[in-house]
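J.: The chain contents come next:
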Amino acid sequence: MVAEMSTGVEFPQPESFSFDEESMKAIDTIVKRYPPGKQASAVIPLLYVVQRQMKRQTGSAWVPNKGMDAVAERLGMAPIRVYEVATFYFMFNMKPIGKFHLQVCGTTPCWLRGSDEVARACRDTAKVGGYGQTSEDGMFTMSEVECLGGCVNAPILQVDDDYYEDMDYESTVKLIEALRRGERPAPGSVIGRQTSAPEGGPLTLLDVPGE
Amino acid sequence: MAKVTVDGIEVEVPNGVSVLQACEAAGKEIPRFCYHERLSVAGNCRMCLVEVEKAPKPIASCAYPVADGMKVFTDSPMVRNGRRGVMEFLLINHPLDCPICDQGGECDLQDQAMAFGGDASRYREEKRAVKDKYLGPLVKTIMNRCIQCTRCVRFATEVAGVPELGATNRGENMEIGTYVEKALTTELSGNLIDICPVGALTSRPYAYVTRPWELRKTDSVDVLDATGTNIRVDARAGEVLRILPRTNDDVNEEWMADRGRFAFDGLKRRRLDRPWVRKNGKLHPASWAEAFTAIAAGIKGRKIGAVAGELVDAEAAVALRDLMAALGSNHLECRTDGAAIDASRRDFYTFNTGIAGIEEADALLIIGSNPRLDSPVINARIRKRVATGGIPVGFIGPRGLNLTYAQDWLGEGGAVLNALIGGQHRFNEVLRAAKRPMLILGRGALARPDGASVLAAAWQVAAQNGMLQPDWHGFNLLHHFGGQVAPLDLGFTTGIPADIGAVWLLGAEPVGVPDGAFVIFQGHHGEAGAARADVILPGAAYTEKDATWVNTEGRVQRGRLAVYPPGEAREDWKILRAASEVLGVRLPYDSLAGVRARLAEANPVLAGPGFEPHGCTDTAGPAGDAGGVSEAAFLPPVANYWQADPISRASATMAECARTYLPQAAE
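Residue numbers (the numbering used here), protein chains in the order written: chain H, 1 to 211; chain R, 1 to 667.
Just so you know, these hints were derived from the structure itself, not from any lab.
Fair warning: there could be bad hints in the mix.
[What the hints assert, rightly or not] Mimicking BS3-like on lysine-lysine, the simulated pairs with C-alpha atoms at most 30 Å apart in a straight line are:
no., chain 1, residue 1, chain 2, residue 2
1, H, 38, H, 95
2, R, 268, R, 574
3, H, 55, H, 174
4, R, 279, R, 268
5, H, 95, R, 131
6, H, 38, R, 384
7, R, 182, H, 66
8, H, 66, H, 25
9, R, 182, H, 38
10, H, 55, R, 182
11, H, 55, H, 32
12, R, 28, R, 217
13, H, 95, R, 127
14, R, 384, R, 435
15, R, 300, R, 574
16, H, 55, H, 25
17, H, 95, H, 66
18, R, 182, H, 95
19, R, 28, R, 3
20, H, 127, H, 95
21, R, 131, H, 66
[Said to hold, decoys possible] Here are some chain H residues the structure puts well away from chain R; computed CB gaps all over 12 Å:
no., residue
22, 39
23, 79
24, 144
[Stated by the list, open to error] Short, incomplete list of chain R residues facing chain H, as computed with Cβ under 8 Å:
no., residue
25, 15
26, 29
27, 163
28, 165
29, 167
30, 168
31, 170
32, 179
33, 660
A virtual CB, placed ideally from N, CA and C, is assigned to each residue, including glycine.
Given these sequences and hints, build the entire structure.
T.: If you want it as structure tokens, here you go:
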């Protein structure tokens, strides 16, 4: 089926979409969080469920039209209300993306700490032309995102759902090469920082009595 | 109540109204784009800025509630500056294509830019471009012009009840549309054109046709459904170019159904524009004199009867009745669809609750009608009541219809009606608990062999469930066309005997006309009636005569002549008056005033407003055996909404709608 989207580049949409067992389980948990009659509040978490299921099934995390229709039906909403939400948020990919989604934070703290270098490393190593594009081998898609809330460990590179922190050019190159080899390095600070504590270890409260 | 001072004028307004409404109460006009009286408040255009004393910034008056003692300024330097700024931003992405825009001359943005905008543009960068959307055969879109007021989104969701329009993407990339391309599935889509304050949504059939200031505007009444929608007919050079609704809160608010709005191009096609007489089995063009002579010869010595069609005005009907009486005949019929209507009392065949009365009802039972297709505007009123009041709606008819509001499907046929009479049905409880219950009986439900029983049974349900109170009348019959009630008021129910020798068809189908009968067809569109006719008399359509129309409520409204009938066609009562002369039974009126005086004499109700809210003190029901309802299912009476009458069947626009929405029905 050819996409009947009124905007954007045309690409094939799947002809059908139905939640698999894992998604159904997740949906039940999510929908229960909201009071009766307010199920429509679950639309954003459910769109994530669709996106993850697509990742599991096709290797590309995106939200097809039929997936949005499935969410609408599950929550008793008009499909257009789901389309509005899904297209509003950058977190939902409205077209197929690469196997890994490299999300470079370009907001001020990350940018001051060298997010341009991270982006350059992505372009060089992942062979992605620029933001919003996918590498020719279909492995990587690169996006610029707004603040990821990890400013203390800036700059941040989010790969799919994982944060890689304290990045620079070299560590980004290493990370992408590892991903290409099929490895999945542990998320978190790449310079060994403990959560968001100071680099190299604690600087205050060193003389806690009794320790 | 809150006391508010607007520009020094003190007004008292109810608590909770918006500052904008308070300003209007003080007679100050506030510019606006997104605000619309009949839609929810969005507050996103910011055009309605006013200054409020002690407020640090200008406020959007449409979304700001009044407070006691508030001092509002609608024309201070701060307000003028604010509005100029808003206007400048709105115009940043709005193309400067007014000369080729169909909204030009009646565009809110154009008018308000003149009144409140700056005198020159400071914007030198690129404007954004948005791809046009397809919304169906009636609404044309030029999305570059959209200022994203979201009125259309709110109309579709709230009034039309089809949440199919939305604003997708965000910021600079925000677009109004359906996202997945599809034609809007509503019979009220023309109203999107009216509520769009700019030229983004315009009429497709009216595209590039004319300019509003070139049109002659005539107030009239729509007859293509039984709502009695108040309309304005815009014509130029003897041609109807568009039809718009007028505001009447008692009838159509400010909405209009698509068939009434767009079917008018059928008035120019397949018209009968000269008399015809059948000679040797073939119809030949004739003069009026020849036609009348042929009639005089044809009906001589024959038993004559008359049938009024579904688009007949009261003047023509009374003239026809008088002509028949003068010829010694009392064989009159108007129920060509076979509906077993009992016209012995007016409340047996009208919408007694009134369209505005729907808003007071607290329970509704719909029997054998699809109000969405029978009368989209009345359906919107029901939807409004359901949406605001959450009233229960029981529905007897085909399963799975989308009426645009939640309904409790009780069953599809007479069995449910019988159970309701027994009082044992679960919906009886709902009706008994209600203080102002009402039922809507579709005219289509009476057009079946047990129609009289259905009518009697529905009345009995109304009587038994508290719908008939001294100050509340909850029994309603929903007709299909604007010309169906007036003939009932004039007693066109005596029937045509099977041995009739001559029949005068006034815009009616030749139903029940025996072979060999002499048939006179008088009307504006020739279909089966004209094909069967021995003499054809060309009549005037509803836009071409000064006429009285009675809607389903029984409301008497006047339509006015907007254009003259084509060719030799004439107003119908004049044709009958002229014919009476030749037939030697001259009717005693020569002017419209004369006919109307006769009309008032024939049935005084036709001289007055015709409808006023009323109760029911006499609960005796119509003739018919309430127990005789068969179990047969109620079928949807209007299979093809778009082509339901001779005018819309001749319309190219309606044909395209039918092709789009009813692919299986298209030829």
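J.: Less than 8 Å between beta-carbons is the criterion; does residue 165(R) satisfy it with respect to chain H?
T.: This interface hint holds because 7 Å falls under the 8 Å limit.
J.: Holds or violated: are the alpha carbons of residue 28(R) and residue 217(R) at most 30 Å from each other?
T.: holds, 27 Å
J.: Identify whether the interface hint at residue 15(R) stands, where standing means a beta carbon of chain H within less than 8 Å of its own.
T.: violated, 29 Å
J.: Should the hint that residue 660(R) touches chain H count as held when the rule is a Cβ pair under 8 Å?
T.: violated, 15 Å
J.: Given the proposed pairing of residue 55(H) with residue 174(H), does the C-alpha separation stay at or below 30 Å?
T.: Distance of about 24 Å is within 30 Å: holds.
J.: Hinted pair, alpha-carbon criterion (30 Å max): residue 38(H), residue 384(R). Please report holds or violated.
T.: Given that 30 Å is the threshold and the Cα spacing comes to 22 Å, the pair holds.
J.: Going by Cβ atoms only, is residue 163(R) closer than 8 Å to chain H?
T.: holds, 4 Å
J.: Compare the distance between the alpha carbons of residue 182(R) and residue 95(H) with 30 Å, and conclude whether the hinted pair is satisfied.
T.: holds, 20 Å
J.: Starting from residue 55(H), check that the Cα of residue 32(H) is at most 30 Å away, please.
T.: holds, 24 Å
J.: Would you check the hint for residue 279(R) and residue 268(R), treating anything up to 30 Å between C-alpha atoms as holding?
T.: Within the cut-off at roughly 27 Å; holds.
J.: Holds or violated: residue 127(H) and residue 95(H), Cα atoms, limit 30 Å.
T.: holds, 19 Å
J.: Taken at face value, is the distance from the CA of residue 66(H) to the CA of residue 182(R) at most 30 Å?
T.: holds, 15 Å
Consistency note: the structure conflicts with the earlier hints numbered 23, 25, 26, 33.
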